[in-house]
Structures are given as structure tokens and as C-alpha cells.
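Given next are the chains, with one letter for each unit.
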Amino acid sequence: MQSIPIEHGLILAGILFALGLVGVLTRRNIVFVLMSLEVMLNASGLAFVVASARWGHADGQVMFLMILTLAAAEVAVGLGLIIQMYRKFKTVDIDVLSEMKG
Amino acid sequence: MQDLIWLLPTFPLLGFLALVLTGGSLPRKIVAVIGAGSVGLSFLSAALIAAQFLASGEDYFVKEVWVWMAIGEFTPGFNFYLDGLSLVMMLIITGVGFLIHLYSTGFMVDDPAYSRFFAYMNLFVAAMLMLVLGDNLVLLYLGWEGVGLCSYLLIGFWYENPDNGYAARKAFVVTRVGDTAMAIGLFLLFTQLGTLNIQDMLGAAQQQWAMGSPLAIAAALLLLGGAVGKSAQLPLQTWLPDAMVGPTPISALIHAATMVTAGVYLVARTHVLFELAPTVQMLVAFVGLATLLMAGFTAMTQRDIKRILAYSTISQIGYMFLALGAGAWSAAVFHLMTHAFFKALLFLAAGTVILSLHHEHDIFKMGGKRKQLPVAFWSFIIGSAALAALPFTSGFYSKDEILLAALAVEGPGLLLWIGGVIGAFFTGIYSFRLVFVVFFGDSKAHHEAKEEASLSMAVPLIVLMVLALLGGWIQVPLDAVFSQGAGHEEEHVSLLVHGFMIAAPLMGIGISYLFYMSKVFDVDKLMTNRVANSLHRFWFSGWGMDALYQWIFVNPFLYLARINRSDLIDGFYALLVSITRTAHLMLARTQTGYLGWYALSMAAGLVVIITLGVML
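Read top to bottom, the protein sequences are chains A and B.
Residue 17 in the numbering used here sits at position 17 of the first sequence, with consecutive numbering throughout.
Residue 417 in the numbering used here sits at position 417 of the second sequence, with consecutive numbering throughout.
Worth flagging that the hints you see were computed from the coordinates, not collected in a lab.
Beta carbons are placed, not taken as given, at the ideal position from N, Cα and C, and that holds for glycine.
It cannot be assumed that every hint is accurate.
Going by beta-carbon spacing under 10 Å, a handful of chain B positions derived as facing chain A [as the list claims (entries may be wrong)]: (1) Gln591; (2) Thr592; (3) Gly593; (4) Tyr594; (5) Leu595; (6) Gly596; (7) Trp597; (8) Ala599; (9) Leu600; (10) Ala603.
Example chain A residues on the side facing chain B (calculated, C-beta under 7 Å, incomplete) [to be verified]: (11) Val24; (12) Leu25; (13) Ile94; (14) Asp95; (15) Ser98; (16) Glu99; (17) Met100.
Model the full structure from these sequences, guided by the hints.
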């Protein structure tokens, strides 16, 4: 079986990471920001998996499992906060909520 | 019992601690009991100790309590020295002090800071007793500064009004000028004589210093500086009239009866030094004379009832200084005692008037109050009679002694005597001007006057009335203290001299009567004369001393301070501050509150760091 070269996997991970970053930076709806964050997390997870496949080492997959749990926990907390935020401010636009100015 | 002399300052000190530590949480009844009771206990023990001391027939008594600090040979301690002089002072302080405390329990009853008032009062009594009972100048200085502190605290007692705080600071700073001179005097005495124990020091001074030696003159001058500041004599008298913004019992206790006479006590206590420096002693007499005349002129023009009494206090202390300068030490202390009685009486009566008229101070807005305020009226009649030294009142005997002693001075004796008699003439005018304007004439109806004299306020007034009338017969046991003073054997002075001294205050009262009672002369018409008017303004401002000091000292100081604000070092620190502030403002601008902006700066930072890591 022809294995996928590591460069392809890493390029894909890089593209995904950049897309996620652009989403985080440009989106004003906090739900989308959270989703973009997930994309970034998974991009890094993909890089781990690709690396572990290249060297035949299990550590990268263990790392990916950890990222997965972390992301799940993060989403749980994040969504909870978003719901509270929406109840209180009736908006999910983060630029409207820019009250902590220097 | 004499061994328990340390109890005297301890009782009020404990009262002060109890009141301060409870921080005003005690009910008023208990505060009154602690505040007045501690001084009452102190008076009782003072009376017992005095009786025993006088019965023992000894000249003096020393009780060493503990060593305060020990630095080589120099071991000042909390040692109490009792002789005739400190006996008289201690009885005045505790006795008059107790009466004024008792009066205050009624006078201050509506004040929210009741507890704080009595705490300060008790601290004052403790410090004042320390001052007069200390056997060394260090302990005396402790008491000296202690009473100065209490004076400051109590002048500014109603601190919500910034003017009162200003008056308090003025009193503190002006007396500080004298205190500094006194401290330097103490240093001089210590380096030259090697001890600050008063009796040892006086003995050493007599042995080591010749009559009129420069060192003796310098030491006496420096001590006189301290005395002049504390006792509000020329040229440091400007603080006392302003000190009247404090509660009236304070004016009675601190600024009339006790603290301001501390200067007289100091000079009398160290009279040996002044005898060694006759020029300084003569200076004392002339300071007293100038002060009593100046204050007499000023008192005639004032409108505020308490300022009139304040200037009369300055004037009477001027008499005491005159007596000190004339070498009549016991006459000075005698006048100090009678003055404590009648001036405390006058101030407390003034307090009753002020309280009854809802804090009215202007005497020309009072008038015809003798029916409504009988207790205050009789207090004022008796107090003013004693102040003007009418025959057979207490003030008559003491002022008589002073004037005779002044006349007996070799050289300028006649001048001192004439000045003193003129002063007595003014005293008659201003004291009875006050009585006539406040208590006679038309009643100014807009004041619904009801005499505020509860029992606790009336009893002290009545006791002080008796003392002011009969205090002249008290024999002060001072012969042993001033044994080597100028011999005051009974000289036979002509009847003419006595006649003048009795007639002067009576003439003053007569003139006052013509102006303010029968209206034979019209003050308003006099005021239309330009010379009289400008003289009146000049005297009213206290001979322009405040303006003079403002011009000589305050304005140059402020000018220097303004220049000094922009010097190099301040500039450096100002620059430091502005740099920090600019940096802060710039950094604060980055704190926009936009989440995307933060994420972007984090990402940018990360890129920069990684780039750096890769490239290097």
C-alpha cells in the first residue's frame, strides 16, 4: 500500500490551521469563532497523526486522543458560556461586547 | 502620701487612654464620669499631698519614679519635684482644671465628639502636670510639647471648618518658633553645665557663670524665647486670638488659665539664670510692658466676645512678665493664680452667653441680657471687677504687688510703673465695655435667650466667683523657692502711688460708662473722625502684626517654595513621571476590548517568535 507522503499531510494541516486562524481573526459571531478554534485544534491533531504514521510511533496518536478530549471539554464549557452570554446580552457579536477597554 | 505624687498625672493619663481606646463607643454619662472624675481624683490627691507637704515644713520634696533613659552620666527620669512653686501650679491645674471639666460635661453635651473632647482634655492635664512637676528640663520639655499638641488638637477640635484647622496650625507653628529656641537653650545648658536637672543646673550656673556673662545671657534669652512663644507675648502673640475658635472650655483651660502661663512658670522656675543675666531680665520686663499695652489697645476695639478675653489674657500675662522682669517672682506667680481664677470664670461665663445666644460671638448683637442670663451676668461682674483690679477683689492684690515691684526697679522703674498703670486704665475700659454692651442697654430682641445653665455648668461658675473674689487672701507658699530673689521688704510708698493704682481702673470704667451706658460720648461719631477711624482699624487688626508676618515671613516663603518647585531634581522626577504616563497611555490604547484584535496580536507575536527562531 502506497502511504501518503508526510509533506501532503503537513501541507493539509497547515492549510486547515491557517483557515481556522483566519476564521478566529475575522469572524464576529462567537459561535463561528469557536468552530474555527476547533478547526485549528484538529489541524494540529492531523499533524500529530501524520507524524506518528511516518515514524510508526504511537505517541502522536496518544496526543491526538488527548487533543480530542480537550476539544470536547472546551466545547462544553465554551457553548455553556455562549448561552449565558446570549441570555444576558441578547447578542453573540463579540465586537459589541468589547467593554474591557484600557 | 507624698510618695504617691506620680498618681497626679497618671489619673488623667489613664482617663485619656480609656477614652481613646474605646474610641467613642462609651455612653455619655460614663465618658463624663471618666473625663471629669480622673481630674477630680487628681485634684483630691493634689490637695492631700499639698496639705501634707505644707504640714511637713520642708522646702522641697523629690520623688524619683523611674529612669527614662540612661546615656552615660545623662539620666533624665520621671522624677517629680515638689516645692512651693510646683505646688501652686499643680493645685491650679487640677483645681481649675476639674471645675472646667465639670463645666464641659454640661457645655459639650450636644457635641457628637464628646468622648474625643474629654480624651484630649485629660491628655492636656496629664502633660501640664508633667510640665510643672518634672525635676529635669527634659521631662519639662515633654510636658511642654504635650500641652502644645493638645492645644493644637483642641483649637482644631471642630475640624470640619477649614478655618479652625488653619488657626490650629498657626498656633502650632508660631509656638514652634519659641519651642525651637527653647530646645537650643536646653542643648546649650547641657553642654555648658553637664546636667538638665533643674536644681543642679541652677546651682552649677551660679557657680560657673559670672554675673552678666555671655553664656548666661544666651541661655536666658533662649529660654525666654520659649516662654514668649508659649505665653503669647510680643513678638509671638499672634496665635492666641485665633486660638479662640476652639470650644470655649478650651479657651478657659488652655488659653487662659494654664497652658499660656507655662512661660511664666518656666521663667520663674529658672529665675536664677535670669538673675545672672540682668539685661535679659530687663528685656523680660519690657516685653511684658509692650505686650500688655499693645493687647490693651487691641482689646478695646474687638467685637468678638472671646477675642476681647483673649487679648485681655495676653495683656494680663504681660503683667506677669513685667513682674518677672522686675524680680518679683512670687508676685508673678500670685497674679498667675488669681488670673487663672477670674479668667477661667470670664471664659466659662462667656461660654454660657454664647451657648444661650445660639453661638453668637458679636457683643454688639447682644445687649440687655442681665435679666435673662443672671448667672453669666454676675460671673461677668465679678470676673471683670477682678480683671480690672477693683479694690478687694483677687486681681487687686496681685496687680498691686506687681506694680509696686515695678516701681521699685532701679532705673526704668517709674517708666514700668506708669506703663502698668496705663495698662490698668485700659483694662478698666475694655472689661467693662464688654459688661455694659452685653448686659445693659437695649435688648436686641431677635435673640430668644434662655440661660443654658445646668447644675454642672452653674456650680463651677459659682466656685470660681468665690475664688475670683477671695483668691487675693490666699497665701502662696513661695518664700522658700525665691529666697534669694530681690528682697521685697515692705517699702512705704506714698498714698499718691496707691491712689493712682486704685483710680486708674476706676477712671477706665468711668470712660467706658460714658461711652457705652450713658452715651454721653458717641462711638459712631468718633468713628467719623479719620484719625480715630484709622487708629481703630489699626488696633482692631492687632497692630497689623498678622499682616506684617504675612509680608515678612509667609510671602517670601511661598515665593521660595514656588521657585523651588521647578528646580533640576524636581524636573528630573517630573520627566520620569511624564515618560511613564505616556508609555502607560500608549499601552492602554492597545487594550481595545475586541477579541479578534487580541487573537491577531497573539498570532502575530507567535509568527515573529517562530521567524526569529528559524532565522537565528
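Do the hints match the structure? See the list:
1. Gln591: 3 Å, holds
2. Thr592: Thr592 of chain B check passes; min Cβ-Cβ to chain A is 6 Å, inside 10 Å.
3. Gly593: 3 Å, holds
4. Tyr594: Holds - the Cβ of Tyr594 of chain B comes within 10 Å of chain A, reaching about 5 Å at its closest.
5. Leu595: At 5 Å from the nearest chain A Cβ, Leu595 of chain B passes the 10 Å test, so the hint holds.
6. Gly596: Holds - the Cβ of Gly596 of chain B comes within 10 Å of chain A, reaching about 5 Å at its closest.
7. Trp597: 9 Å, holds
8. Ala599: 5 Å, holds
9. Leu600: Holds: closest Cβ of chain A sits about 5 Å from Leu600 of chain B, inside 10 Å.
10. Ala603: With Cβ-Cβ at 6 Å, under 10 Å, it holds.
11. Val24: 5 Å, holds
12. Leu25: 5 Å, holds
13. Ile94: For Ile94 of chain A, the interface hint holds, since the closest Cβ of chain B sits about 5 Å away, which is under 7 Å.
14. Asp95: It holds, given that the least Cβ distance between Asp95 of chain A and chain B is near 6 Å, below 7 Å.
15. Ser98: 3 Å, holds
16. Glu99: Since the shortest Cβ distance to chain B is 6 Å, the answer is holds.
17. Met100: Because about 5 Å separates Met100 of chain A from the closest Cβ in chain B, which is inside the 7 Å limit, the hint holds.
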